[in-house]
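Q: If you want the building blocks of each chain, they are given just below.
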Amino acid sequence: GQNIDQPTEMTATEGAIVQINCTYQTSGFNGLFWYQQHAGEAPTFLSYNVLDGLEEKGRFSSFLSRSKGYSYLLLKELQMKDSASYLCAVEGYSTLTFGKGTMLLVSP
Amino acid sequence: NAGVTQTPKFQVLKTGQSMTLQCAQDMNHEYMSWYRQDPGMGLRLIHYSVGAGITDQGEVPNGYNVSRSTTEDFPLRLLSAAPSQTSVYFCASTQGGELNYGYTFGSGTRLTVV
Chain A
11 GQNIDQPTEM
21 TATEGAIVQI
31 NCTYQTSGFN
41 GLFWYQQHAG
51 EAPTFLSYNV
61 LDGLEEKGRF
71 SSFLSRSKGY
81 SYLLLKELQM
91 KDSASYLCAV
101 EGYSTLTFGK
111 GTMLLVSP
Chain B
8 NAGVTQTPKF
18 QVLKTGQSMT
28 LQCAQDMNHE
38 YMSWYRQDPG
48 MGLRLIHYSV
58 GAGITDQGEV
68 PNGYNVSRST
78 TEDFPLRLLS
88 AAPSQTSVYF
98 CASTQGGELN
108 YGYTFGSGTR
118 LTVV
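So the protein sequences, as listed, match chains A and B. The first sequence lines up with residues 11 to 118 when you count with our numbering. The second sequence lines up with residues 8 to 121 when you count with our numbering.
A couple of the hints might just be wrong.
Unchecked claim - Label pairs and their computed distance ranges (CB to CB):
1) Gly63/A with Ser87/B: 42 to 50 Å
2) Phe39/A with Ser87/B: 21 to 29 Å
3) Thr12/B with Glu66/A: 45 to 53 Å
4) Met90/A with Thr119/B: 41 to 49 Å
5) Ser114/B with Gln89/A: 18 to 26 Å
6) Gln64/B with Phe39/A: 15 to 23 Å
Hints listed in this document are in silico derivations from the structure and should not be mistaken for laboratory results. Beta carbons are placed, not taken as given, at the ideal position from N, Cα and C, and that holds for glycine.
Just need the whole structure built from these sequences, with the hints factored in.
A: Right, dumping it as structure tokens:
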């Protein structure tokens with residue numbers, strides 16, 4: 011079976027750092043994605059982790075521990091435009107299983 | 008380079024009607040898939056395809072059919088629409104394999120069944 015958990019909502023202040031956690035239990039694992047989705051729009055790719063460790067891309071970083079079934083997305087220097095839903099997704103065989111998403115609200 | 012194109016963007020159907028949601032990609036991706044997104048449920052896989060002529064069911068396939076006659080196109084057919092199929096539908100594609108540059112999503116189709 012597939013089970014992916016992430017917090018439903020988080021709030022943070024502009025300029026701060028926020029960490030969104032994701033835990034997973036899946037029958038197959040090829041990698042873990044993080045997507046950003048603004049209201050009414052399609053998901054857009056943020057990061058992809060296959061091996062354990064930290065991947066850094068500008069203000070965004072993603073960490074993976076395969077042995078613990080755990081990942082996090084770290085957003086630095088938060089901006090108002092970062093208010094969105096963040097989706098954790100595990101890749102199986104050519105498809106994705108998503109968590110329910112974390113709604114992040116950035117306030118001034 | 009258009010990426011993944013979905014049509015229509017919005018659709019209202021009456022219960023029992025049938026329709027086809029179109030999805031086309033111009034990136035020569037082998038893998039294509041359909042997801043539905045409902046409030047509080049996240050994105051759930053309906054059907055997917057790993058190449059022309061090959062399709063398989065996902066988590067929530069009932070009431071939907073797919074076919075993949077070409078690499079570019081992956082239409083989703085609603086056989087007899089029901090209010091429970093009111094949702095936002097996303098098509099996605101990826102090259103897969105070791106050169107994984109992520110899944111590209113279409114802009115979505117917002118379907119309401121009344």
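Q: Give a verdict on every hint.
A: How the hints compare with the structure:
1. A beta carbon spacing of about 49 Å between Gly63/A and Ser87/B agrees with the range 42 to 50 Å that was offered as a hint.
2. One distance hint, 21 to 29 Å for the beta-carbon pair Phe39/A and Ser87/B, is violated here, with the actual separation near 37 Å.
3. Look at Thr12/B against Glu66/A: about 32 Å separates their beta carbons, and that is not inside 45 to 53 Å.
4. Separated by about 31 Å at the C-beta atoms, Met90/A and Thr119/B break the suggested range of 41 to 49 Å.
5. Separation of Ser114/B from Gln89/A is about 23 Å and conforms to the stated range, judged on CB atoms against 18 to 26 Å.
6. Roughly 20 Å separates the CB atoms of Gln64/B and Phe39/A, a value that falls within the hinted 15 to 23 Å.
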